[in-house]
Amino acid sequence: MSSPIQLPLRVLVKGASNVLWTSMMSGPRSDLVFARVMEQELLAGGRAAEVRNAGVLGMEIHEMFDTWEDDIARWSPDVVVMAVGQYDILHTLLPHWLERGANRVNRRPGLFQRWFYRRFLRLVARVVLLVQRRVDRPGLKLDRRSRRAIRDLTEYIKITQQVAHPLIILLEVHPPTAAKIAWFGGWDERIAVFNDRMRAIAEADESGTVRFVEMMDLAAQFDPGTPEQLWADGIHFNPDMHRLVGQRLAGVAEEWASTQPHLARP
Amino acid sequence: MSSVPQLPLRILFKGPSTLVWTSMMSGPRTDLVFPRVMEAELIQRHRQVDTWNAARNGWLTRDLFATWEDEISSWSPDIVVMTPAHMETVHAILPPRLERGANAVSRLPGRFRRLYYRRILRGLARFVLHVQRRVDAPGRFQGRVKRALGYTDEYLRITQQVQNPLILLLELHQPTQKKIDWFPGWPARRELLNDGLRQLADRYDNVRFVSISDLMGQFDPGTPEDLWADGIHFSSAFHRAIGEKLAAIADDWAASQAHLGGVQLAAVPVVPA
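Chains A and B supply the protein sequences, listed in that same order.
Residues in the first sequence are numbered from 626 upward in steps of one, following our numbering.
Residues in the second sequence are numbered from 3 upward in steps of one, following our numbering.
The set of hints was computed from the structure by calculation and includes no laboratory data.
Every residue, glycine too, gets a C-beta built ideally from N, C-alpha and C.
Please note that a few of the clues may not be correct.
[Stated by the list, open to error] Distance ranges between label pairs, derived from CB positions:
1. A:Gly850 - B:Ser213: 28 to 36 Å
2. A:Gln854 - B:Asp232: 52 to 60 Å
3. A:Trp700 - B:Arg124: 54 to 62 Å
4. B:Gly263 - A:Glu839: 28 to 36 Å
5. B:Gly263 - A:Arg824: 32 to 40 Å
6. A:Arg739 - B:Ile251: 52 to 60 Å
7. B:Ile45 - A:Ser655: 17 to 25 Å
8. A:Arg824 - B:Asp197: 55 to 63 Å
Modelling step: build the complete structure from the supplied sequences, incorporating the hints.
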């Protein structure tokens with residue numbers, strides 16, 4: 626008779642390019658993003674795990690509602706890692722569709738497409754970016770997009786908790802590099818406020834299944850550990866940072882899973 | 003066998019019906035298509051594996067881009083097995099949408115739909131096929147294949163950004179004589195495609211052209227009529243041979259990848275939760 630098999634721990638990872646991209650891209654296969662590191666770490670610890678990375682390039686929080694039935698109601702993950710908000714609070718003026726169109730990676734080749742995307746759409750986006758650069762200044766008051774992001778996140782957590790209370794991990798949003806601050810003057814402060822709001826959501830949760838996971842302390846393990854080193858392109862972690870974040874998340878997930886009867890090891 | 007659970011080797015399959023259909027269909031469960039044979043073979047070799055057969059009947063190469071984010075950017079496969087541009091080599095002028103409509107398998111039943119699909123759409127497709135048979139000739143109507151090769155080139159370029167997966171481009175097999183009677187320009191377009199795929203494989207570091215013609219010698223008589231009796235789709239025995247060959251390539255490559263070896267990547271210290 627074969628030995629009993631564990632029910633796999635289901636982990637859903639939601640986020641924008643920060644859960645998919647590394648600084649820099651085109652590296653070797655061992656440049657894993659933190660979702661895959663998390664899977665590797667859980668497996669190495671003897672925990673059967675199924676990690677689904679449902680990140681979407683340029684995803685805003687409100688878009689998570691479109692896939693909620695598939696991601697949450699149907700699949701019913703045990704752990705939901707939400708590395709969200711960074712993109713929502715990046716731009717203050719540039720429309721989402723224009724940013725996505727101008728920076729789209731998976732474009733069909735062709736003369737017209739090339740002209741339209743590379744020349745026309747990018748040019749329009751650049752003009753809006755220049756205007757945005759002038760109006761985006763520090764000031765702790767959140768803009769409309771940031772307020773909406775917090776409102777949507779709160780609602781998403783509420784409806785997700787209905788599905789048998791998975792562990793919801795809210796990942797701290799990391800600060801930008803100086804080069805990015807030069808372009809997005811108020812972003813740094815918006816990130817600080819957004820992190821405070823996420824922390825408050827986790828603390829206010831009475832069920833104890835929402836956790837705010839910090840990760841800026843991990844930067845101290847590197848020398849010099851500056852944003853310019855750890856997310857060289859200004860936004861996306863380098864593979865070493867992805868590894869540390871994945872290890873930390875795996876630790877949080879494993880600790881919680883060990884308290885769940887349905888995930889008990891045979 | 004390693005006692006440490008391995009990170010599963012992720013394999014994505016992209017292509018048309020050749021990845022999902024057998025000659026002939028309606029066989030027993032053991033009639034596996036080559037993606038599943040590959041999975042079974044790798045498991046036999048004690049390799050943890052996670053496969054995703056994303057093939058579709060009548061799939062066109064230009065459709066590669068619509069699903070790229072889900073399949074490549076989000077899922078990040080270690081290996082991509084592709085049979086690009088197969089559909090584009092077959093027809094000279096028949097519009098792909100008409101071909102898909104006329105041969106769709108998963109249609110809702112109903113008297114009106116039956117009439118529309120079986121009589122009108124199939125009748126129209128049949129008419130275009132007869133015209134196509136007359137105008138098609140070796141060396142003609144190669145534009146679709148060239149465009150499809152361009153799409154494949156761009157797809158390889160953007161896919162390599164996502165941590166350079168191993169990409170296997172499968173050779174397009176030769177048609178049966180019966181099919182050549184219907185599509186006279188197909189063999190020349192097939193040659194053009196295979197040459198183009200070989201050139202792409204030479205241009206990129208982690209892209210390989212995988213020949214399947216050499217597997218035909220394992221069979222007796224080993225003719226196209228024997229190995230893909232319906233003219234296009236492999237017999238289950240040939241699917242097995244392809245799956246075994248691909249599994250050997252995949253296992254060999256995976257053995258060189260630290261993240262798939264069940265070993266720790268030791269460069270970074272383990273962080274306490």
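Structure-based check of each hint:
Checked against the given bound of 28 to 36 Å, the beta carbons of Gly850 of chain A and Ser213 of chain B, roughly 50 Å apart, lie outside it. Restraint check, Gln854 of chain A to Asp232 of chain B: a C-beta distance of roughly 58 Å satisfies the suggested window 52 to 60 Å. Between Trp700 of chain A and Arg124 of chain B, the C-beta spacing of about 39 Å breaks the proposed range 54 to 62 Å. Between Gly263 of chain B and Glu839 of chain A the C-beta distance comes to about 32 Å, which sits within the given range of 28 to 36 Å.
For the pair Gly263 of chain B and Arg824 of chain A, the supplied restraint of 32 to 40 Å holds, since their beta-carbon distance comes to about 39 Å. Taking 52 to 60 Å as the suggested C-beta distance range, the pair Arg739 of chain A and Ile251 of chain B does not conform, at roughly 34 Å. Between Ile45 of chain B and Ser655 of chain A the beta carbons are some 23 Å apart, a value that agrees with the proposed interval 17 to 25 Å. As the Cβ distance of Arg824 of chain A to Asp197 of chain B is approximately 60 Å, the hint placing it in 55 to 63 Å holds.
Taken one by one, the earlier hints fail for this structure at numbers 1, 3, 6, listed in ascending order.
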